[in-house]
Amino acid sequence: MSSSIENLVNREYKFGFITDIDADAIAAGLGEDTVRVISAKKLEPEWLLEWRLKAYRRWTTMREPHWGNVRYEPISYQVQVYYSAPKTRNPLGSLDEVDPKLRETYDKLGIPLKEQQLLAGVAVDAVFDSVSVGTTYREQLAKLGIIFCSLGEAVREHPDLVRKYLGSVVPYSDNFYASLNSAVFSDGSFVYVPPGVRGPMELSTYFRINAENTGQFERTLIIADKGAYVSYLEGCTAPKRSTHQLHAAVVELIAHESATVKYSTVQNWYAGDEEGRGGIFNFVTKRGKCAGANSKISWTQVETGSAITWKYPSVILQGDNSVGEFYSVAVVNHHQQADTGTKMLHLGRNTRSTIVSKGISAGQGNNSYRGRVYVGPKAAGARNYTQCDSMLIGNRCGAHTFPYIEVGNDTAQVEHEASTSKIGEDQIFYLQQRGISKENAVSMIVAGFCKDVFKELPMEFALEAQQLLGITLEGSVG
Amino acid sequence: MLDIRNLQARVGGGADILKGITLHVNAGEVHAVMGPNGSGKSTLAQVLAGNPAYEVTGGSATLDGNDLLAMQPEERAHAGLFMAFQYPVEIPGVSNAYFLRSAYNEIRKAHGQDEVDPLEFLDIMEKNLALVDMEPSMLNRSVNAGFSGGEKKRNEILQMAVLRPRLAILDETDSGLDIDALRIVAEGVNKLRRPDNATIVVTHYQRLLNHIVPDFVHVLSAGRIVKSGGKELALELEEKGYDWIETPAEAVA
Ligand SMILES: Nc1ncnc2c1ncn2[C@@H]1O[C@H](COP(=O)(O)OP(=O)(O)OP(=O)(O)O)[C@@H](O)[C@H]1O
Ligand SMILES: [Mg+2]
Numbered sequence: 007m008s009s010s011i012e013n014l015v016n017r018e019y020k021f022g023f024i025t026d027i028d029a030d031a032i033a034a035g036l037g038e039d040t041v042r043v044i045s046a047k048k049l050e051p052e053w054l055l056e057w058r059l060k061a062y063r064r065w066t067t068m069r070e071p072h073w074g075n076v077r078y079e080p081i082s083y084q085v086q087v088y089y090s091a092p093k094t095r096n097p098l099g100s101l102d103e104v105d106p107k108l109r110e111t112y113d114k115l116g117i118p119l120k121e122q123q124l125l126a127g128v129a130v131d132a133v134f135d136s137v138s139v140g141t142t143y144r145e146q147l148a149k150l151g152i153i154f155c156s157l158g159e160a161v162r163e164h165p166d167l168v169r170k171y172l173g174s175v176v177p178y179s180d181n182f183y184a185s186l187n188s189a190v191f192s193d194g195s196f197v198y199v200p201p202g203v204r205g206p207m208e209l210s211t212y213f214r215i216n217a218e219n220t221g222q223f224e225r226t227l228i229i230a231d232k233g234a235y236v237s238y239l240e241g242c243t244a245p246k247r248s249t250h251q252l253h254a255a256v257v258e259l260i261a262h263e264s265a266t267v268k269y270s271t272v273q274n275w276y277a278g279d280e281e282g283r284g285g286i287f288n289f290v291t292k293r294g295k296c297a298g299a300n301s302k303i304s305w306t307q308v309e310t311g312s313a314i315t316w317k318y319p320s321v322i323l324q325g326d327n328s329v330g331e332f333y334s335v336a337v338v339n340h341h342q343q344a345d346t347g348t349k350m351l352h353l354g355r356n357t358r359s360t361i362v363s364k365g366i367s368a369g370q371g372n373n374s375y376r377g378r379v380y381v382g383p384k385a386a387g388a389r390n391y392t393q394c395d396s397m398l399i400g401n402r403c404g405a406h407t408f409p410y411i412e413v414g415n416d417t418a419q420v421e422h423e424a425s426t427s428k429i430g431e432d433q434i435f436y437l438q439q440r441g442i443s444k445e446n447a448v449s450m451i452v453a454g455f456c457k458d459v460f461k462e463l464p465m466e467f468a469l470e471a472q473q474l475l476g477i478t479l480e481g482s483v484g
Numbered sequence: 275m276l277d278i279r280n281l282q283a284r285v286g287g288g289a290d291i292l293k294g295i296t297l298h299v300n301a302g303e304v305h306a307v308m309g310p311n312g313s314g315k316s317t318l319a320q321v322l323a324g325n326p327a328y329e330v331t332g333g334s335a336t337l338d339g340n341d342l343l344a345m346q347p348e349e350r351a352h353a354g355l356f357m358a359f360q361y362p363v364e365i366p367g368v369s370n371a372y373f374l375r376s377a378y379n380e381i382r383k384a385h386g387q388d389e390v391d392p393l394e395f396l397d398i399m400e401k402n403l404a405l406v407d408m409e410p411s412m413l414n415r416s417v418n419a420g421f422s423g424g425e426k427k428r429n430e431i432l433q434m435a436v437l438r439p440r441l442a443i444l445d446e447t448d449s450g451l452d453i454d455a456l457r458i459v460a461e462g463v464n465k466l467r468r469p470d471n472a473t474i475v476v477t478h479y480q481r482l483l484n485h486i487v488p489d490f491v492h493v494l495s496a497g498r499i500v501k502s503g504g505k506e507l508a509l510e511l512e513e514k515g516y517d518w519i520e521t522p523a524e525a526v527a
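Chains A and B, in that order, are what the protein sequence lines are.
First residue of the first sequence: 7, per the working numbering; consecutive thereafter.
First residue of the second sequence: 275, per the working numbering; consecutive thereafter.
Because the hints were derived from the structure by calculation, they are not lab data.
Where is the CB? At the ideal position from N, CA and C, for every residue including glycine.
A portion of the hints provided could be inaccurate.
Stated by the list, open to error - Facing chain A, according to a computed beta carbon distance under 10 Å, are these residues of chain B, among others:
#, residue
1, Gly-324
2, Asn-340
3, Ala-344
4, Gln-346
5, Ile-365
6, Ser-369
7, Ala-384
8, Gln-387
9, Asn-418
10, Phe-421
Using the sequences and the accompanying hints, generate a full structural model.
Shown next as structure tokens:
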């Protein structure tokens with residue numbers, strides 16, 4: 007019986023096609039030259055090149071981290087290509103001029119780049135390999151003073167903002183992959199929401215890795231000024247390829263006083279085949295800073311893809327009364343490995359954080375939750391609640407929990423709850439007895455298990471997440 | 275309608291628990307199955323419903339001439355078989371309303387009918403909630419999660435009311451019910467009685483049978499039906515217990 011449950015999770019990866027398009031790629035390998043070439047291709051100012059070079063030099067002194075509960079063959083950083091952009095007739099033209107092949111790619115992915123066809127209320131920045139190929143609804147957003155563009159454009163058009171905030175949450179020296187990213191990042195999205203403005207629609211970036219042996223190193227920078235609100239969505243897919251592809255992104259969020267940033271991810275990178283060949287290595291640094299009082303940062307992630315996931319979206323709770331949230335569903339199947347969780351660093355007074363992590367393991371997948379809750383000496387009245395649940399489907403998979411808790415202020419309250427369950431055959435039979443097929447029964451049980459996380463997702467994403475898990479979503483979600 | 279012949283079944287590769295059950299149920303009838311703890315009553319219900327934990331080792335069972343034992347559990351449900359579980363299962367995070375609507379629509383689909391949308395379904399639910407005297411708020415709670423024992427049993431009858439089975443098997447639905455709930459559940463079952471459906475009531479207590487009056491009473495002992503009779507058999511059992519019924523050493527059903 008468990009084999010048919012496994013079949014259910016084993017649905018074909020739908021987004022594995024390859025776009026045949028000429029690319030402007032640089033030679034494989036990494037050195038100072040590479041960094042200079044990338045910076046030159048992007049016509050960057052001197053300060054940014056210097057910053058990249060500092061990151062690169064730092065990176066050469068660092069060692070690849072191996073504390074994660076994941077196993078893989080050594081990565082050769084010299085065979086990767088660090089920059090690849092589709093050759094288009096008019097790379098920075100308006101949306102109507104997007105290369106038809108790229109448009110077709112995004113159509114197939116269900117992300118039409120024509121505004122009139124878009125899901126109502128979602129603005130999209132489409133990043134293909136190393137560059138952004140189009141951003142929708144820009145003018146409408148600009149009327150409110152919201153800047154939503156590729157990071158490359160922001161460097162050219164809003165250099166002061168970029169210079170002020172880039173690396174302010176994740177410094178170039180932060181960790182091995184963050185330093186690598188700082189040295190070679192190609193593009194990504196930039197969002198600035200001015201004081202008191204509420205984003206009128208979901209902003210989203212859709213990342214697509216296409217080229218072979220090409221790493222994607224995007225950087226996203228989102229700033230919500232005082233009293234601003236923004237909800238941001240990130241989606242990602244990649245073709246099926248037999249070799250691993252490296253994805254080392256950095257996301258920085260800044261919430262000023264009374265501002266809210268809500269960041270949601272549905273990660274569906276190619277996971278590799280049933281034997282564990284190919285698939286994306288997803289080594290990502292995501293961190294937000296609640297810089298001002300009463301600010302809030304909320305991460306929601308649904309992680310279904312990648313051969314290896316190594317990511318810990320975190321919140322630095324610096325402002326008094328600030329709030330950090332992390333809601334996560336991570337699914338592994340076949341030989342997928344995920345080591346994911348969060349860090350909540352309570353620095354300000356009366357700061358609060360909530361962590362809800364749901365790990366689902368099937369096949370021979372291995373799922374680890376790793377979370378750190380730190381309460382600093384000045385964080386009087388800080389509170390954390392962590393709930394960490396694992397569900398096992400079959401007998402060959404694994405679930406692990408690594409909580410780290412450090413409390414430096416005795417007025418703080420930290421609560422941790424954890425559970426591990428097997429999907430119940432009695433539950434499946436109960437639903438079947440009522441006329442529901444075994445497949446739908448499993449979907450329903452898994453959806454129920456993930457409900458606390460799904461209800462945090464914006465509607466459009468909740469639907470995508472539902473399809474991804476092959477599940478029938480709760481009517482109440484949304 | 276239901277035709278069980280010499281049905282034998284076991285669990286986990288052990289000895290047979292059902293050692294040859296033969297039972298015929300016609301449309302419009304109510305059959306009560308009684309018998310000591312561990313005699314195989316739930317096993318019979320589970321085997322008919324198709325629980326994969328049980329292995330049929332011999333005999334046959336048909337519903338309206340169709341081979342039940344060859345069908346998947348959900349196909350049996352589509353064919354009109356419903357079992358109220360002795361121990362209803364909790365499904366955290368899945369709302370009762372969503373679960374019931376899915377079940378309802380799956381059965382409709384199997385019969386080539388259109389699915390109903392959530393609003394239409396709400397209407398259907400309202401009538402049925404009244405039947406078992408349940409608060410509408412129960413629909414928003416997760417299936418059976420945190421329900422009291424009695425609430426779980428009522429929820430089973432609610433499901434039966436919504437799904438309108440051709441054959442309902444109620445496995446100790448009366449156990450754990452207070453006197454009022456027992457009456458409500460029994461009235462619910464009686465209201466759902468029609469000439470074209472049938473009910474098998476598994477119970478330990480004669481008092482349920484005062485409310486749901488059976489046409490036949492069967493006594494199961496050590497995996498066999500050792501005695502069958504009319505409703506007065508239940509009274510006799512209540513009075514004398516099971517000891518007076520001799521278990522035949524090698525009964526061939
Ligand atoms: N899943 C199972 N695993 C092991 N043994 C089982 C299982 N199901 C039933 N049995 C055994 O089969 C026998 C019959 O059990 P069953 O539940 O059918 O009895 P019952 O007549 O319904 O009893 P009760 O009146 O206590 O509900 C018992 O000895 C029981 O222990
Ligand atoms: Mg029983």
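Hint-by-hint comparison with the structure:
no. : hint    : in the structure
1   : Gly-324 : 8 Å, holds
2   : Asn-340 : 16 Å, violated
3   : Ala-344 : 15 Å, violated
4   : Gln-346 : 7 Å, holds
5   : Ile-365 : 6 Å, holds
6   : Ser-369 : 6 Å, holds
7   : Ala-384 : 7 Å, holds
8   : Gln-387 : 13 Å, violated
9   : Asn-418 : 9 Å, holds
10  : Phe-421 : 13 Å, violated
Violated hints, in rising order: 2, 3, 8, 10; the structure is consistent with all others.
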